[in-house]
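Listed here are the chains, written in short residue letters.
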Amino acid sequence: MPLLSEDLRQAIEDYTRRYATRQAALLPALHLIQERFRCVPREAIEELADLLDLHPAQVHDTLSFYGFFRDAGNPLGRFRVWVCRSLPCMLRGGEEILDDLCHYLNIQPGQTTADGAITLEFAECLGACELAPCLLVNDECHGPLTQESARQLVAQLRRAGVQHGV
Amino acid sequence: MAFEPVLLRHLQIPGIQHLDTYQAHGGYQALKRALELTPEQVVQLVKDSGLRGRGGAGFPTGVKWGFIPKDHPGPIYLCVNADESEPGTFNNRILMEGDPHQVLEGTIISAYAIRASVAYIYIRYEYGRAYRILQRAIEELYKHGLLGRNILGKAGFNLDIYIHRGAGAYICGEETGLIESLEGKRAWPRIKPPFPAVQGLFQKPTIVNNVETLACVKHILERGPQWFRSIGVPPDPNNPRDIGSFGPKLYCLSGHVNRPGCYELPLGITARELIEKYGGGVWNGRRVKAIIPGGLSMGFMSDQELDTPLDFNGPLKVGCLGLGTAAVIVIDDRTSMIDVLYNSCRFFAHESCGQCTPCREGTAWMTKILARIRRGEGYLDDLDLLLEIANGIGIMPGTTICGLADGAAWPVKTAITKFRAEFEDYIRNSRSRSVTLRETTKTL
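Respectively, the protein sequence lines represent chains F and G. Heads up: the first sequence begins at 1 in the numbering used here, then just goes up one per residue. Heads up: the second sequence begins at 1 in the numbering used here, then just goes up one per residue.
A couple of the hints might just be wrong.
As the list claims (entries may be wrong) - To give an idea of the chain G side of the interface with chain F (calculated C-beta under 8 Å), a few residues:
1. Y127
2. G168
3. L296
4. T417
It is worth saying that the hints were derived from the structure and are not from the lab. Nothing here was measured: the structure is a model prediction, and the numbers come from that model. For glycine and all other residues, C-beta sits at the position ideal for the given N, C-alpha and C.
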């Protein structure tokens, strides 16, 4: 029984029509897979390589370059919270917000809360410096924040994450 | 003549993200005008306007387009660089979220000019909102015959636009890194030549243009190259290499100002005017210690240099790398330059793609030295060592493939040159503690 379902394979196949090579569909495919599984499992790498006429090592070469993708040993929580630490946010308290959230959630950047609700990450510039200090929830930006409002936001997400299950 | 914003003009109109509202405000008239011309005529208009790329390098857009081999059988590709990741820069996001059809109209006109049949918008993953807004706008265009085959009834003009989402890597903003990433590989910049205009995406002729550049193209078609040249700064007669800085520019203002934001102004406004008149001054009644004129990689200007015009030439005169993305980050007088420079070095060390040894090792080494200085374990000699490393990495000394290392080096060079006394004081004053610490460690 393959890991990648028929609809997922079809979605990936649809992407390949946009490009002159099948390999070019790799990033869109990896996004689809990580959305589905909250990580990119080893079996998915092998099946995806097969699907795109690549060697598994080529798939791994690309995916490991982008810090974005997770392996099965370290899957994402329900919400991925990226706190910006670059200069425009740092000048307005971004690093303190990141420290405070680490303390509040009792995890380090890159880790996920034990209930599976929140993965905390540091981010480099999110391109929303007029909203500094800011953070991203999955791919939606929130700012300007204070330590209190960041905690409130994360607390809300955590409740939602636990309710919906992971 | 008072300056009239064009790029941000429609942003406040409710529903401007939708095709019917955009068209009700004159949208896609510039495209119609372009399709009455030959592609060569459109390229000539853009050349005549003096438009220079808004993504950081400031290369003349029309000249870049002209590098595509004549009579190439195709396919030819247009890549829209929406990977905006330079710290302090957010104008592309504002354009895509606020007025997506303006960006798409510029894209379609430019694709027509270079005879591209496919355009890819490479957008950083973090711009989820912009992605969804653009995607909806593209679907509208297909429905109304503004994308697809024989666009607006023009026989033979076919164009597809696809959005390609990145996965969080600064280097994808470098045009050949972007191309590699689009091809499904790690985003390692390519050795040039061949330049993308000759051999780019899938080894075919490819033009990579920034979002703001393409938005400008629409207005050049609408108002003509003379209008564009009436805004900005003419070439410096004493500098034969300066080709002028024409047109409106979206300045991003962030950091310690009262009103951070994106401001559309004529190229050549001074940093002081931008901060005081538009940014409402430095926050909490403080003073400027330093600013970054155009995104982190451009380096620092001191408070003595605030009257420098922010055109393509100005920041060079005060030792900065250039105008970059015109993203001004303001640093107030209570901020430690040691902290600021550490933050900068950490960013570039994190984002170095690892392909060239001088960049990979140099950025990490500079970060380690600054971390040590910050802990109070620095030596005065470290400052010269930092300068030596900074002077050795990048395309200027010729040791790397792309300019990331130059961007990492310039903040170091300008900070240590312009704020040396602060670094020396910090090292001296913080060492008195750490010397004891070191000796204790030694006895252990």
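Supplied contact hint for G168 of chain G, tested at 8 Å Cβ to chain F: Check passed: Cβ of G168 of chain G comes within 5 Å of chain F, closer than 8 Å.
Proposed interface contact between T417 of chain G and chain F, which counts if any beta carbon pair is under 8 Å: violated (19 Å)
Restraint outcome when L296 of chain G is required to lie within 8 Å of chain F by C-beta distance: It holds, given that the least Cβ distance between L296 of chain G and chain F is near 6 Å, below 8 Å.
For the hint on Y127 of chain G, just tell me whether its beta-carbon gets within less than 8 Å of chain F. Holds, about 7 Å.
When the structure is compared with the earlier hints, a violation turns up for hint 4 alone.
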